[in-house]
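J.: Got chain E; can you put chain L on it based on the hints?
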Amino acid sequence: MADASDGAPHGTAAPLDLTPAEMLAEVGEFGRRMAEGAKLFATVRDDEVQIATTPKDLVWSQDKVRLYRYRPLAESRGLPPVLIVYGLIGRYTMADLQEDRSLVRNLLALGLDLYVVDWGNPGRADRFVTIDDYVDGYLAECIDVIAAATKRERVNLLGICEGGVFTTCYAALYPETVNAMVLTITPIDFHADTVENRAGHGFINVWVRSLSGEDIDRLIAAQGSLPGEFMGSVFSMMTPMRTMTKYNLDLLDALGDRKKFLNFLRMEKWIADRPDHPGEAAKQWLKDLYQDNKLVRSAFELGGRTVDLKRITCPVLNVFAQDDHIIPPATSQALRGKIGTEDYTELGLPGGHVGVFVGGKAQKLLGTGIADWIAARG
Amino acid sequence: MTIGRGSAGMDQFDAFKAMGEFWARTGLAFLAPPGLGSGAASWGSFPPAFDLGGVTEAQASLARAWASASTLSQTLASAMQTASVADDPTAGAVLARIFDPQAWLGGTADFGAALNRMSEGPQFANLWQTERRVAALVSAFAALRQAQSRHQTVMLDAWTRAAGTFAREANARAGRGEGYASGREMMQHWIETANGVLLEVQRSDAFLASQRDVLKAATDLRLAQQDVANFLSDLYGQPTRAELDDVHRSLTELRREVRALKKDRRAAARRAKTAAGEESHG
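Chain order of the listed sequences is E and L. Residues in the first sequence are numbered from 1 upward in steps of one, following the numbering used here. Residues in the second sequence are numbered from 1001 upward in steps of one, following the numbering used here.
So that you can see chain E by itself, here it is in the shape it has in the complex:
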């Protein structure tokens, strides 16, 4: 254990080189920002921090699951429809955070026919819902509904994170119904965090492997779910000091600029909206995938069938974030060579797990990258 006295004073200059006048000015600046912040808080209206505002219509629902179709924002390019599939950790609203930072709007503006599935807010009553239900049940139903509504035999899938795992499983189980699949920040090899072993990257992988299967079973037995708040804590641990400073230093920085401040609030709104993950599905996610790494080995079973990656025959675009600390790039890139098609493309974008969707530069590249790739496979 290190002793703080190791760093006992020995220099002559003052580390904090401020005169009393400068110190006073710094304190004054702090006070000014706080006052401005208080004014900002007072003037912010609810409708200014609304997220996921792109107009859409409910086209189908079952249990807690809702399927929406976005209203077009541009002339249709006549391509097969695209279904956006988010996971159960966090919500799809991240893809439509605000008007100028919205993958949904970008894709609509490029003439795509867009659908999104909302898994709702699973509660304790949904403890026994499995990934089988989500993939072989709800997702399959959504695709059936879209195919019928658009009179298409195949649709395009756009999976995000855990949702990408769902679409990967679906494409392996029902290859005849998928035209093309876009995966974004999707883990395939859950042990590939060790490839780069970057500091602060892949903590969830390390953490889940430090638990036993029984630990997870008992956690789910006790909670009935993987609580969203709990996962929020795990995410916070991945950026420990950032978590500690974001409601003081970061917020203070944002207070100087109304636009920045509203962006901060919208992001916080999305982060706070973290549903509980149904218990049995969480056990599959943590044990079968994070611990036993069954997906990349084509050993994951759903509905009594094995998810064989080689059965994925549609074209695949695999998008990863180059600085993703939650899903390290190597965990996504592991898909290369594992599927039954040569039409496989990787797109590495600057930014982190969320930044790739909401970061100024990356989100534009993401929208056009996806739309152009799909158009070429329409």
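Check each hint, because a few of them may be wrong.
Unchecked claim - Quick list of in silico lysine-lysine cross-link-like pairs, DSSO-like style, CA-CA up to 30 Å:
id, chain 1, residue 1, chain 2, residue 2
1, E, 294, E, 269
2, L, 1263, E, 294
3, E, 283, L, 1216
4, L, 1262, E, 283
5, L, 1273, E, 294
6, E, 64, L, 1263
7, E, 64, L, 1262
8, L, 1263, E, 283
9, E, 310, E, 56
10, E, 287, L, 1273
11, L, 1263, E, 56
Honestly, the hints are just simulated from the structure, not real lab data.
T.: Coordinates of chain L only, in the frame set by chain E:
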């Protein structure tokens, strides 16, 4: 101003101590006992403030009274049998019942006990069962506190390491005649130093093991709470968690079956349509 104990001006270590506490709280907040939800009770409100000593004393009093009554009953019955009905076993049995204090407490033993359970809820025997569960709960609570203390030790060790590194670097800067241009810059240096150490610590075996222990202890506590809740729910005729889980499991399975049936029906309709099309073209 230099970084270190006993330096002139503001004692930087006061600020560091505060940060250390803040840091430790992050570990604590990782799992807010006794539950994980936002509505979870705080440490201060647990264990529930009821008078266990009072219940124990009440039970001890009853036990003493029961022992006295039983002894008296047996003595009386025995004396009567000896004195007047020694040759009549039926009369002896009747007398024994007459002097059975239990009859005064609620009728016949079997029916009375069942009736009591149905109408009055817990009996003292049940209360002991409750107490055993509460004891397990308190024990689980203590285990969680222990696990958290061990985890805090790991975190505080890391914090001390980060603080030492920061102090060394800050003083090295001072030695070179370089200062921080602002308090914010100094803070930024601390944040980066601490972040680096924390990220490293989080991958250490000590951290992962102690955090796993906290998770396990928090889970055990939650399960012990549910055991008490289930016992009391059952006692008072309320649905238990296990019964609700059964219902939810059945509901999920039924939904699954309905989905499969609908899917089969749609597929059959499609096949029929295709076949009809082929016939009309054939």
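J.: State for each hint whether it applies.
T.: Hint by hint, here is what the structure shows:
1. E:294 - E:269: 34 Å, violated
2. L:1263 - E:294: Distance ~28 Å between residue 1263 of chain L and residue 294 of chain E Cα, so the pair holds.
3. E:283 - L:1216: Distance ~16 Å between residue 283 of chain E and residue 1216 of chain L Cα, so the pair holds.
4. L:1262 - E:283: Holds. Residue 1262 of chain L to residue 283 of chain E sits at ~28 Å (cutoff 30 Å).
5. L:1273 - E:294: 39 Å, violated
6. E:64 - L:1263: OK: residue 64 of chain E and residue 1263 of chain L at ~18 Å, within 30 Å.
7. E:64 - L:1262: Holds, because 18 Å separates the two Cα atoms, which is no more than 30 Å.
8. L:1263 - E:283: 27 Å, holds
9. E:310 - E:56: Violated, at roughly 35 Å.
10. E:287 - L:1273: 43 Å, violated
11. L:1263 - E:56: 26 Å, holds
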